[in-house]
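All chains should be built: construct the whole structure from the sequences, respecting the hints.
From first to last, the protein sequence lines are chains A and B.
Going by my numbering, the first sequence opens with residue 455, and the numbers climb by one from there.
Going by my numbering, the second sequence opens with residue 224, and the numbers climb by one from there.
Everything labelled a hint here was simulated from the structure, so no lab data went into it.
No false leads were slipped in.
When the alpha-carbon atoms are kept at most 20 Å apart in a straight line, the in silico EDC-like pairs for lysine to aspartate or glutamate are as follows:
1. A:K479 with B:D377
2. B:K308 with A:D469
3. B:K298 with B:E340
4. A:K523 with B:D378
5. A:K523 with B:D377
6. B:K361 with B:E613
7. B:K361 with B:E451
8. A:K522 with B:D378
9. B:K519 with B:E648
10. A:K522 with B:D377
11. B:K412 with A:E618
Model, not experiment: these values are computed from the prediction.
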Amino acid sequence: MERMTFDLSKTPLRDVNQFLHRSLKAGDDRHIEVQNPDGAHSIAVGLDEPVTVEIHGHAGYYAAGMNKKATVVVHGSVGTGVAENMMSGKVHVKGFASNGAGATAHGGLLVIDGDAGLRCGISLKGGDIVVGGSVGSFSAFMAQAGRMVICGNAGDALGDSLYEAVIYIRGEPKSLGADAQFEPMTDNDYKTVGDLLQQAGMDHDPKSFKRIASARSLYHWNADANQEY
Amino acid sequence: MDMKPVHIKRRSAEESASFDRRIIDYIQNAAAHGLYEIRGLGAKRPLPHFDDLLFLAGSASRYPLEGYREKCTTKTILGTRYAKKPIELEIPITIAGMSFGALSANVKEALGRAATEVGTSTTTGDGGMTQEERGSSKTLVYQCLPSRYGFNPDDLRKADAIEVVIGQGAKPGGGGMLLGQKVNPRVAKMRTLPQGVDQRSACRHPDWTGPDDLAIKIQELREMTDWEKPIYVKVGATRTFNDVKLAVHAGADVVVVDGMQGGTAATQTCFIEHVGIPTLAAVRQAVDALEDLDMKGTVQLIVSGGIRTGADVAKALAMGADAVAIGQGVLFALGCNSETWVRDGQHYSAIDAYDALGTAPGFCHHCHTGKCPVGVTTQDAELEQRLQPEVGARRVRNYLKTLNMELTTIARACGKQNVHHLEREDLVALTVEAAAMSGIPLAGTNWVPGR
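Written out as structure tokens, the structure is:
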């Protein structure tokens, strides 16, 4: 496989992204290395071909934002909004992630080996997220579809105002958000968790996870809800 | 002579100013339901507005242009600051963001066709881009909203400009709302929601908080689109002076300021009537902010919220706007609140449908129910047939053309060969309130309250 390297200490980010948008062939599956990212924002955003981009170091905000088809691996930590609005493909953060990781992702798989900050998986729309560590408060807020696997614990208000997204957690949330509830695990759930853990390269026993989903009591206006939404 | 006092039986009919029939009705409605009222359209209360300004026009001291012959250009360019491909419009009157979901697909198509014919832009709304709108609208602004419903990189790349929506004049600080009746299978799929839920959008963006983050978000959108497309930032009018400055600092090419008269498809009445500031005050603050930063002409300003007539457009431009955006005006042009709807040239009465909603033409604001009597704000398969795209397109085209003719008539009378040459000096205010808010002197004086 052809390999290419960009050194962000020498090449402007604009040139790298321009190359990734305009110079790839349809179905391009090259392997592209990015050296010295130095926390730059918006690295490898808007990819639309099945390339693999490896970022060697820490990335800033919106790393691999709106990803489609591509695989992006960050050998370091990332700032806010990693893989936000991802459509497909895979984003793997080997370190930690800041706030809003995987926000509004419609598809694809986001793997974070370490912890994730506040609002991980907020407004998730169909993507899958696997977090090796813990997630911050307000994670999966208003998540509409997709699955979140949390191997550690969660902060406050996990799954507040959930729609149809499902959360699996191995540890404990500090508190559940409005309308989120624990539900029994079914065989299907164990299989889902097992598959996602395998794709993420993590080996926990699916049996050690609990399921959180929406009680669906906030789907319609209700005078008796007493502002509990 | 009998001097006994005469007692006239008189019905007691003194209405309280504090508790008038409207307020009594409100209280009793609240008591019956335990929920606030939700409705469509914008603020109904009287507000200082563009009607409170007048043009001075040409005379001995100024030289007018021939109203029917001499050229008066209306060309408008938006997004000249950073975008490689700024938006070029034939007229400074654009169509405001209104969602597919709030509006039917037919309406979205009608708006796109009309805008393309007159050379202006349409804007998507909270719910994503439809093929009907992209296919019919030559210049399409794609909104990036807190909910991100239907937001995706393919449509982003198909857009001609991107509008990051922070707020809306009808409800600054509030998220959108689409009641279950309008969340039909197609709308639900586009928004990734269960069919029929009362959808309440987020009021804050999921992946950025505050103006410093916004700057980085805008940079991401630019990187995504290779710095080609103009990026607008839309704010609901509140602390407009500061908000516009922050939007400029964050890197906006264009700032859109939406005053409290701006419409909505469904919002709490208390929000519509009691939050935000009038468009007139907001324009002045926005222009002050741009001038303060020496950004006038570099960052363009679009004003919306209660723009109805060509005179309104002219006044907004004279106060310093580069363009206006119209939402409710185009809905009325389409037939909103009309007594009839039209199919194949034949008019049919819509009165029964208004009656069923407990209202009548001229008063209807029931967009939130999805039971629009004239097929504009509906997702009902039968009702939406009441507005055929070609009929709607013709009406909106005529409306926009009329506004543009009125705009150039006024501009020529003021001696301008270009509508963008209209200036504050061409205006006077009719009321003390309007003078104070707009910073334009009261007619016949050089007095601006507070100066």
